[in-house]
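Student: Hey, can you work out the whole structure from these sequences and the hints?
Number of protein chains: 2
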Amino acid sequence: MHYAPISAHNRLVLASQSPRRKRLLEQMRIPFEAVPSRVHEHAEADNSIRLAKKLAIDKAIDVWPGSGGRWVLGADTIVEIDEIVLGKPNDEAHARQMLQTLSGKTHRVLTGFSLLTPEGALAHVEVVATDVKIKELSQDEIKRYIQTGEPFGKAGSYAIQGIGAFMVESITGSYTNVVGLPVYAVIKALLDSGALEGYPIVSSPT
Amino acid sequence: MHYAPISAHNRLVLASQSPRRKRLLEQMRIPFEAVPSRVHEHAEADNSIRLAKKLAIDKAIDVWPGSGGRWVLGADTIVEIDEIVLGKPNDEAHARQMLQTLSGKTHRVLTGFSLLTPEGALAHVEVVATDVKIKELSQDEIKRYIQTGEPFGKAGSYAIQGIGAFMVESITGSYTNVVGLPVYAVIKALLDSGALEGYPIVSSPT
Numbered sequence: 004m005h006y007a008p009i010s011a012h013n014r015l016v017l018a019s020q021s022p023r024r025k026r027l028l029e030q031m032r033i034p035f036e037a038v039p040s041r042v043h044e045h046a047e048a049d050n051s052i053r054l055a056k057k058l059a060i061d062k063a064i065d066v067w068p069g070s071g072g073r074w075v076l077g078a079d080t081i082v083e084i085d086e087i088v089l090g091k092p093n094d095e096a097h098a099r100q101m102l103q104t105l106s107g108k109t110h111r112v113l114t115g116f117s118l119l120t121p122e123g124a125l126a127h128v129e130v131v132a133t134d135v136k137i138k139e140l141s142q143d144e145i146k147r148y149i150q151t152g153e154p155f156g157k158a159g160s161y162a163i164q165g166i167g168a169f170m171v172e173s174i175t176g177s178y179t180n181v182v183g184l185p186v187y188a189v190i191k192a193l194l195d196s197g198a199l200e201g202y203p204i205v206s207s208p209t
Numbered sequence: 004m005h006y007a008p009i010s011a012h013n014r015l016v017l018a019s020q021s022p023r024r025k026r027l028l029e030q031m032r033i034p035f036e037a038v039p040s041r042v043h044e045h046a047e048a049d050n051s052i053r054l055a056k057k058l059a060i061d062k063a064i065d066v067w068p069g070s071g072g073r074w075v076l077g078a079d080t081i082v083e084i085d086e087i088v089l090g091k092p093n094d095e096a097h098a099r100q101m102l103q104t105l106s107g108k109t110h111r112v113l114t115g116f117s118l119l120t121p122e123g124a125l126a127h128v129e130v131v132a133t134d135v136k137i138k139e140l141s142q143d144e145i146k147r148y149i150q151t152g153e154p155f156g157k158a159g160s161y162a163i164q165g166i167g168a169f170m171v172e173s174i175t176g177s178y179t180n181v182v183g184l185p186v187y188a189v190i191k192a193l194l195d196s197g198a199l200e201g202y203p204i205v206s207s208p209t
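Note that the protein sequences, when read in sequence, are chains A and B. With the numbering used here, letter number 146 in the first sequence gets 149, and the count goes up by one each step, no holes. With the numbering used here, letter number 126 in the second sequence gets 129, and the count goes up by one each step, no holes.
If you're looking for bench data, these hints aren't it; they were derived computationally from the structure. A portion of the hints provided could be inaccurate.
Note that the list lumps identical chains together, so a pair holds whenever it fits in one copy or between two copies.
The calculated DSS-like cross-link candidates involving lysine-lysine, where the alpha carbons are at most 25 Å apart (straight line), are [claimed, not checked]:
#: 1; residue 1: 108; residue 2: 57
#: 2; residue 1: 25; residue 2: 191
#: 3; residue 1: 146; residue 2: 191
#: 4; residue 1: 138; residue 2: 91
#: 5; residue 1: 91; residue 2: 25
#: 6; residue 1: 57; residue 2: 138
#: 7; residue 1: 56; residue 2: 191
#: 8; residue 1: 108; residue 2: 25
#: 9; residue 1: 25; residue 2: 56
#: 10; residue 1: 56; residue 2: 146
#: 11; residue 1: 191; residue 2: 108
Given the structure is predicted, the values throughout are model-derived calculations rather than measurements.
Tutor: Structure representation (structure tokens):
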């Protein structure tokens, strides 16, 4: 099957309201519309790769019926350390505990993403992993970081694209994957599946 | 010597007008003022590490006399592949040539940064290196990327924080170093030299 590619008149549907994911698609100049999914992020799976895949697919499928026959992209980001998945913090004590767990160690960030065709078939699913090395954090640093308010709403209680960058010694892999969407892999999947006919998108007169 | 730390009333002087460096300091909530230096970036040195160091120091020293007794940060970013330094492209043909050189290979991005005390003494100088793996680029991709206009004004003819992210398969090291300022190392240097008394900066009532 051949479907109309993504364009300003046929925007990609992003099954997410994450401001980080929206900013990444804007950075890449991909025309899109964000639609929140109602998928519960506390689903379970026997390992984190399967969990990230499952949530990415579930989110896209949830949003597809209202997508009006357009391509749909779903994604889910997981922070994992010593085989334990760190979610978003419930409160200050929870954020403090997670930051202490990450301190002085390397953890892994997994983003699963899925692409559905305009007819709702799964065109692509993939999980990308990035290793992130965090410096030793003092009690004062953790306290000050929590005071900024940034840890809340973030998996693992930090934002690599924010003030949290002060604790990131180095990464191995994709940076945008840690932010929420592995841009290199997503563009490749859009091209391979026919959702894009070329990249970068060259703007045509509209 | 003990000098007043950086604050909203005693802003860091950034010896650069790079919008990327400004954005990174904003991301880190460091109060600063950007002052352009008149240092010629085509200086020479026998190796790229010394060149990045020298330019970072030269830029800070150039700006210091007008800094009004404040801390001064200088920085310079160099893209290097096979011991050749890639500057900013002069024109389309030059950009095409650089992108072909980077295609399918891993190159190194070096950012040198220097910190001067309010009295103009060198408090810190350091060069941080990040390895960047670029995908195989087709002629069509290079042509389209140049058409976006993004390569111009960028060392190595690409912007990792822009559309150029589509070609970055992975990195090893600091991401912000590739953008223009290695945030983890800079914050550490500011703390070690007494330019900051704690980080993250906790906003006090002013």
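Student: Hint by hint, say whether it matches the structure.
Tutor: Hint-by-hint comparison with the structure:
no. : hint      : verdict
1   : 108 / 57  : neither (27 Å within a copy, 33 Å between copies)
2   : 25 / 191  : within (18 Å within a copy, 31 Å between copies)
3   : 146 / 191 : between (41 Å within a copy, 17 Å between copies)
4   : 138 / 91  : within (20 Å within a copy, 33 Å between copies)
5   : 91 / 25   : within (19 Å within a copy, 30 Å between copies)
6   : 57 / 138  : neither (32 Å within a copy, 28 Å between copies)
7   : 56 / 191  : within (17 Å within a copy, 37 Å between copies)
8   : 108 / 25  : neither (29 Å within a copy, 29 Å between copies)
9   : 25 / 56   : within (20 Å within a copy, 37 Å between copies)
10  : 56 / 146  : neither (34 Å within a copy, 34 Å between copies)
11  : 191 / 108 : between (31 Å within a copy, 18 Å between copies)
This entry does not satisfy hints 1, 6, 8 and 10, going by the numbered hints stated previously.
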